[in-house]
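*Asks:* So you can see what is in the structure, the chains are spelled out below.
There are 2 protein chains.
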Amino acid sequence: MLIQMKNISELMVDLAYSALIFNNKEIAEEVKYLEEKIDETYYKLQEAAIERAIEEENSAPALILIRLATSIEAISDSAVEIANVVLRDIEPHPVLLESIKESDISITRARVREGSILANKTLGELNLASETGMWVIAIKRGNYWIFGPTENTMIKVGDILLAKGPIEGVNHFHNLCSGKDKKI
Amino acid sequence: MLIQMKNISELMVDLAYSALIFNNKEIAEEVKYLEEKIDETYYKLQEAAIERAIEEENSAPALILIRLATSIEAISDSAVEIANVVLRDIEPHPVLLESIKESDISITRARVREGSILANKTLGELNLASETGMWVIAIKRGNYWIFGPTENTMIKVGDILLAKGPIEGVNHFHNLCSGKDKKI
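The listed protein sequences derive, respectively, from chains A and B.
Take 113 as the starting number for the first sequence in the numbering used here and just add one per residue.
Take 113 as the starting number for the second sequence in the numbering used here and just add one per residue.
Read the hints as simulated data drawn from the structure, not as lab findings.
Mixed in with the good hints there might be a few duds.
You can't tell identical chains apart in this list, so a pair holds if it fits in one copy or across any two.
[As the list claims (entries may be wrong)] Straight-line C-alpha distance at most 25 Å; calculated DMTMM-like pairs for lysine to aspartate or glutamate: (1) Lys294 / Glu280; (2) Lys252 / Glu169; (3) Lys292 / Glu214; (4) Lys137 / Glu168.
If you're wondering where the values come from, they're calculated on a predicted model, not measured in any experiment.
With the hints as extra help, turn the sequences into a complete structure.
*Replies:* Take a look at the structure:
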């Protein structure tokens, strides 16, 4: 459960910055939705940890688990605060957004065009993260979103991919999506 | 200043998990040290934002900046809390550590051996992040550490590299460090 919380909280932070950069309320709403999932898991984890402590008559493991979970929960709260900036209709200065976009780790988006080698392949098959450094954190397909896609998620022509990765990987990523680059 | 805070807070979270996984107090101490830098920048940012608000007679940009900085500061506080688990001499269950190590984004370490193609190259020359997905977040060289290395940091034989990246990239990373893989 702790790992699940860790993974969701990391996705939330990435999505919160994405919502900010692209001034996108749908992404910001997803951050709030994920917060509910985090809270749910957090309470279940506390319960399980304490029950086990009673069973084993040992408080130490429960304490560590709860302490770590509390820290992760606090990270997810911060992600919600960042998302709230977007939901409150306050648009930060464009210069600020550009610099967030181009900080050490960049966030970018690109549409998958006809002829792209990414089309009709799963993220697992493509190994984008280990081959290019770019992590797909969300996909917009028509009117709906796939947030936190898994290795089984298939990319389709027309998808808009939201990805995070090193600034040096951004051009190649765009060229893979457009079909200009034929090799990963 | 906000981007600086964002970058430091991300490094802090990565280092906090690393300190936990490798039960390493030196890394945990660095997280606490970085927190001081974050706090310093945070206060300077608040001051600058408010002074500018007075100058321009406009509160909105200052409010957004301070709100974002507060969220980022809260993330760094959470990183300190995770690091404190290590500093308080409480060692989490090995199974927990293994699963953190192997969650979506893995954290690993490897020593650079004689014959490794990484040796005597800067991180900027190597483009490790965009070529392999692996980010070097810290380097242990002899008795000292380089935390948050830059593109100008040169890798040397004997260095222990702490890196974060997709689980699929870990083997290749180890082989690059050991000298087994001769191509990035």
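*Asks:* If a hint holds in the structure, say so; if it doesn't, say that too.
*Replies:* Now the hints, each set against the structure:
1. Both within a single protomer and between protomers do Lys294 and Glu280 lie at most 25 Å apart by alpha-carbon distance, with minima of 18 Å and 22 Å respectively.
2. For the identical chains of this complex, Lys252 and Glu169 are neighbours neither inside a copy (49 Å) nor across copies (40 Å), given an alpha-carbon limit of 25 Å.
3. Taking the shortest alpha-carbon separations for Lys292 and Glu214, only the intra-copy value of 23 Å comes in at or below 25 Å, while the best inter-copy value is 34 Å.
4. In this assembly of identical chains, the alpha carbons of Lys137 and Glu168 never lie at most 25 Å apart, being 46 Å within a copy and 28 Å across copies at closest.
Hint check: violations occur at hints 2, 4; the rest are consistent with the structure.
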